[in-house]
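Line by line, the protein sequences are chains B and R. By the count of this note's numbering, the first sequence reaches residue 786 at its end, each step adding exactly one. By the count of this note's numbering, the second sequence reaches residue 786 at its end, each step adding exactly one.
Don't read these hints as lab results, they were simulated from the structure. Keep in mind that the hints are not guaranteed to be accurate.
Since the list gives no way to pick one copy over another, a pair counts as held whenever it fits inside one copy or between any two copies.
As the list claims (entries may be wrong) - Here are the simulated lysine to any residue pairs, SDA-like style, with alpha carbons at most 20 Å apart:
id, residue 1, residue 2
1, 682, 740
2, 763, 685
3, 551, 673
4, 763, 785
5, 682, 766
6, 555, 542
7, 555, 730
8, 763, 667
9, 763, 562
10, 708, 761
11, 538, 594
As the structure is a prediction and not an experimental result, all values here were calculated from the model.
Protein chains: 2
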Amino acid sequence: MKHITSRDNPRYKEMRQLASSAQARKKAGKTILDGVHLCDAYFDHISAKAIMIVSESGMRMSEVVPLVARAEDRGSEVICLPDALYAALSQVENGVPVALLIDTPVCAVPDGLHDTVVLLDGVQDPGNLGSILRSAAAAEIQHVICGQGTVAAWSPKVLRAGMGAHFALNIYEGLELSAITDKLQMPLCATSSHTETTIYAANLARPVAWLFGHEGSGVSAELMQRADLTVTIPQSPKIESMNVAASAAVCFFEQRRQLLA
Amino acid sequence: MKHITSRDNPRYKEMRQLASSAQARKKAGKTILDGVHLCDAYFDHISAKAIMIVSESGMRMSEVVPLVARAEDRGSEVICLPDALYAALSQVENGVPVALLIDTPVCAVPDGLHDTVVLLDGVQDPGNLGSILRSAAAAEIQHVICGQGTVAAWSPKVLRAGMGAHFALNIYEGLELSAITDKLQMPLCATSSHTETTIYAANLARPVAWLFGHEGSGVSAELMQRADLTVTIPQSPKIESMNVAASAAVCFFEQRRQLLA
C-alpha cells in the first residue's frame, strides 16, 4: 500500500484532474469508479488492473476492508489518502470513501450486428443515460451505441446511475449513428407520437435496433427518416411525452415480454 | 407590470428565499415554476392566480411575449427584473427567463380510493420523482401519494423533471403511508426480486395500489409486509435491480397494456 499525504504530489494532482475534468478523463483514457458497489462490479466483470484509492477512515470500514483485500489479491495498487485529500477527490457526499481508477473500456462495433442494440442520439442527462444502460442490461440487451452528441458513458455520474450495468454491456461511444444504421441486420425502431402502431401491437419478438434521442428535441430528423418502424407508447392525451429513460425501459420490457411469451 | 430593480427590495428578497430554500417554500406554501413549458402547463390546468417573474431580456423574447399576455389576461401580476437579478433567482442555466410564483397545490386524500394509485415510500432523487409523476400521468393514473420520507413533489427540480405532469395528477404529500394502506379498496402491489410472479403473469387489469421505495433500500419492511401482491420485472441475473423510475414506468405500462387489451 502506498500513502500519499501531500496535495502537491503529482499522482494526487493527476487523480484530482481525472475526478473533476471530463476532458482530462478523455485525454488520459481513464475514469473513476466511486463507491463499494461499482468497485465490486468492476472486480466481478473485468480482469484488467486498476488503482484503488481509499481514505484513511475508509481503511477501517467493514465494507472497505474486503475490497482492499480483493484489490491486493489481484495485484492492484492501493493508495491511501488522508480524509481531506480523499474528500477533495470525490463527487459523492457521505459516500463510502473508496474508488477505483481504471482504463476506460473501449469497444469497436462489430461489422454485422445481429442482436438487439440501443442507439442513443444526443441523450444529455447522466442520470438518464445511466438508467437506460441499467434497463438495457436488465432486459438482457448487450449492445448500446452512443452517438457523438450523447453524454460520456463512462463519466462518474453516469457510472453511479448505471449501478454496474456498464460491465454487463458492450458500450460503443463517439460514433456517427447514420453510418451505423447501414450495417444493421434488423429494423431500426423509433418511438413517435405520430404513429398509430403501439408497442403492444408491433412485432418486437425479434432483434430490434432501438433509437432514442435528446431529452428535449428527440431523435434528429435525419435519423428519424431512416427508421424502419415507428411505435408509440399509448399515453394520455394530457401529457406530451415521457422521460426518455422511462420510455426506453417500457420499450425494452415490452420487447422482453414478447420474447418470453 | 411592476419593475423591481434593487436587490434589497423586500419582495425580491422573498423570491430569492423561495427559489433557494425548500424550508422557505414549505413555510410559505409557495413554489416556483421555471420556464415556458411549466408556466403554460399551469395556465392550462389551474385557474388560481400566480405572479409572473420575467427578466428584462425575457420581455423581448418571442416565446415569452404571449405568456406575459396570458398572465395579464388572467389578471396575474407581472414583475420585471433586470437580467442579473433574475439570474440570481433561477436554478436553470441558459433557460428562458420566465417563471411563475404560485401557491403550492394541496390535496386531501379522499376517504375511499377506488382508482389506481401510486404510493412512494422515501423516493429521494428529484429526477426520479419527476419521471414517476410523468409516467403515471402518461399512463392515466390520477393519484400519487408521497410518504413522509419522499422528496418534496413541488420543488423546482421535481417540477422541471415532471414537465407539467403535476397538473394532470392529484398529488398528496407528507402522509404516513401505513395509515393509507388500510383505506385502499384495491390490492397493494410491490415489486420484489423474491417472487416468481412476473408483471406479465399478474392480473393488473384492475385498479392497483403501486408501491415503490427508496433508491437504495427500497420499500420499508413494515410496508412490504402489507403488500397483497408482489410482482417481479423479469431481469437478467447479472443485474441487481433497475432504477426506481424505470421500474415504475414498466409496471404502469404493463398495467395499461392489460387494461387496453
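20 Å Cα cut-off: does residue 763 pair with residue 785 within a copy, between copies, both or neither?
-> For residue 763 and residue 785, only the inter-copy Cα distance (18 Å) is at most 20 Å; the intra-copy one is 32 Å.
Could you place residue 538 and residue 594 in one of the four classes (within, between, both, neither) given a Cα distance threshold of 20 Å?
-> neither (26 Å within a copy, 54 Å between copies)
State whether the alpha carbon distance between residue 682 and residue 740 is at most 20 Å within one copy, between copies, both, or neither.
-> Close inside one copy (17 Å) and across copies (15 Å); limit 20 Å.
Up to 20 Å between alpha-carbons, please classify residue 555 paired with residue 730: within, between, both or neither.
-> Neither, since 38 Å and 49 Å both go past 20 Å.
Is the C-alpha distance from residue 682 to residue 766 at most 20 Å within one copy, between copies, in both cases, or in neither?
-> Only across copies: residue 682 and residue 766 sit 18 Å apart there, 25 Å inside one copy, limit 20 Å.
Can you give me the call for residue 763 and residue 562, within, between, both or neither, at a CA distance of at most 20 Å?
-> Answer is between; shortest inter-copy Cα gap is 14 Å, intra-copy 40 Å.
Within, between, both or neither, where residue 708 and residue 761 count as close if Cα-Cα is 20 Å or less = This pair counts as neither: shortest intra-copy Cα distance 36 Å, inter-copy 27 Å.
With 20 Å as the alpha-carbon cut-off, assign the pair residue 555 and residue 542 to within, between, both or neither.
-> within (11 Å within a copy, 41 Å between copies)
Quick one: residue 763 to residue 685, C-alpha cut-off 20 Å, is that within a copy, between copies, both, or neither?
-> between (33 Å within a copy, 17 Å between copies)
Copy assignment of residue 763 with residue 667, given that the CA separation must stay at most 20 Å = This pair counts as between: shortest inter-copy Cα distance 12 Å, intra-copy 35 Å.
Residue 551 and residue 673: within-copy, between-copy, both or neither at 20 Å Cα | within (14 Å within a copy, 42 Å between copies)
Checked against the numbered hints given earlier, this structure breaks hints 7, 10 and 11; the rest are met.
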